[in-house]
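Asks: Sequence:
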Amino acid sequence: MSSLIKKERDGGYHAIKGFAYQFDASLLRIFDNPNAKVELEGKQDLSVENYHIQVKHRSEKFYVSAIAPAIQLMFRQFQNDHSLQFILHCHFLDQKPGLIRALTQEELARILSDFSDGYDQSTCSKFLSACKISFHENYHDQFRKVLRLIRDRLNAQDEIEATYYHALLHGYLKDVILSSPIGGRGVDFRRLRSAIRSARTVIFESAYVEQCGYDKYLRAVRKRYTLRKVNLGAERVFSFECDADTDVDALASVALLLRDKYCARPGDPPPYITFRGDYDILAIKKAFWDAGARFNDGTGYHGGIFRWDELLSPPASDLKIKIVEATDLTRLMQSVRIKEFHDFYTFEKINATHDGPDVASYVFVRSYEDLLEVL
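Each residue of the sequence shown is one higher than the last, beginning at 38 in this note's numbering.
Among these hints, one or two may not hold up.
Taking lysine-lysine and the DSS-like style, the derived pairs with C-alpha atoms no more than 30 angstroms apart in a straight line are [unchecked claim]:
no., residue 1, residue 2
1, LYS298, LYS376
2, LYS74, LYS163
3, LYS298, LYS260
4, LYS169, LYS80
Label pairs and their in silico Cβ distance ranges [to be verified]:
no., residue 1, residue 2, range
5, TYR201, ARG261, 23 to 29 angstroms
6, ASP225, ARG185, 40 to 46 angstroms
7, ASP189, ASP212, 23 to 29 angstroms
8, LYS54, ASP118, 28 to 34 angstroms
9, LYS163, VAL396, 26 to 32 angstroms
10, VAL396, ASP157, 52 to 58 angstroms
11, ARG261, ASP225, 52 to 58 angstroms
No wet-lab data here; the hints were simulated from the structure.
Think of the CB as a built atom: it goes at the ideal place given N, C-alpha and C, for glycine as much as any other residue.
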């Protein structure tokens, strides 16, 4: 088999490995800058404060041509903003990890030899001071370094648990990138810790159901919701995982219960309710309305134009439930100080990628009728 054909067949492998290397580089930056927010897939692969970082892993010797596309992208952005600082986080076989150096004038000239945009020498001189090449470990050594940090910073008990946390964090970073727009993909150490804490909670819930029985589990959940002190003035979100078999009438009954419990007094904020999975939103809304669970969804329900301001500030005071579409959930979390987030799931908990709630609760149920005995 020719080396060209083998390289083409290995393309997917190298692409996946490249993304894994990039995610590990992102985790390293977060661990190294625990109080800063690292932006993923923004101006570059990742950004920390004023530094914008491109990540490359190459199983070959270093050649200027191998980094040319990345440097050209950085240079194009630098032309528009000379305050930017760039780092190329990369691995090459013949470069020692830990080495940091600048480009030479000759190297930059070769990289820009086929650059389509115009530029001047003054910009080139400034860019040489603003761009650094930082050589790092290979994929496997960087992976082991990340595992050590996970054990130290996230209290993984051993390498097996650290490897499990590593997979969870990769999934979390992927969800942040896929579910948030450019500029809204910031992650800090607190959010990493929160993602692990949520995963631990779900693992515990599942194990509790398996080992102690579903009825005993529901009794434990009921204690959680009935014995705790409730702040009626807090904004809160209730999320429900749905599928084709979801009993929409049971959902409506749960909504009435939430309304009566959390919006009992004049001036109490109506709870936000959202749905995810395979569901018919019109069927759910009809069931709500028929049950007397009058709600505001920003449209007036009957096919009106969606108005964000009306969702946040209902036109009528008797609309004591707010329905928010799953696609607007991130925007809601950014616009309203949500104090509590409650996720009820029948198969898989929500992947929460937003900042905000002081309390996050995840509850497994076999049927939403069970919640009528819990809340």
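Asks: None of the hints should be skipped; say for each whether it holds.
Replies: Hints, verified against the model:
A C-alpha spacing of about 16 angstroms is found between LYS298 and LYS376, which places the hinted pair at or below 30 angstroms, so the restraint holds. Between LYS74 and LYS163 the alpha-carbon distance is near 26 angstroms, which keeps this suggested pair within the 30 angstroms criterion. Restraint check for LYS298 and LYS260: the C-alpha separation of about 15 angstroms stays at or below 30 angstroms, so the hint holds. For a cut-off of 30 angstroms, the pair hint linking LYS169 to LYS80 stands: about 16 angstroms separates their Cα positions.
A beta carbon spacing of about 26 angstroms between TYR201 and ARG261 agrees with the range 23 to 29 angstroms that was offered as a hint. At roughly 20 angstroms, the beta carbons of ASP225 and ARG185 sit outside the given window of 40 to 46 angstroms. The hinted range of 23 to 29 angstroms is satisfied by ASP189 and ASP212, whose Cβ atoms lie roughly 25 angstroms apart. At roughly 32 angstroms, the beta carbons of LYS54 and ASP118 sit within the given window of 28 to 34 angstroms.
Separation of LYS163 from VAL396 is about 49 angstroms and departs from the stated range, judged on CB atoms against 26 to 32 angstroms. The given range of 52 to 58 angstroms is respected by VAL396 and ASP157, whose C-beta atoms sit roughly 56 angstroms from each other. Distance hint for ARG261 and ASP225: a CB-CB separation of about 28 angstroms, inconsistent with the stated range 52 to 58 angstroms.
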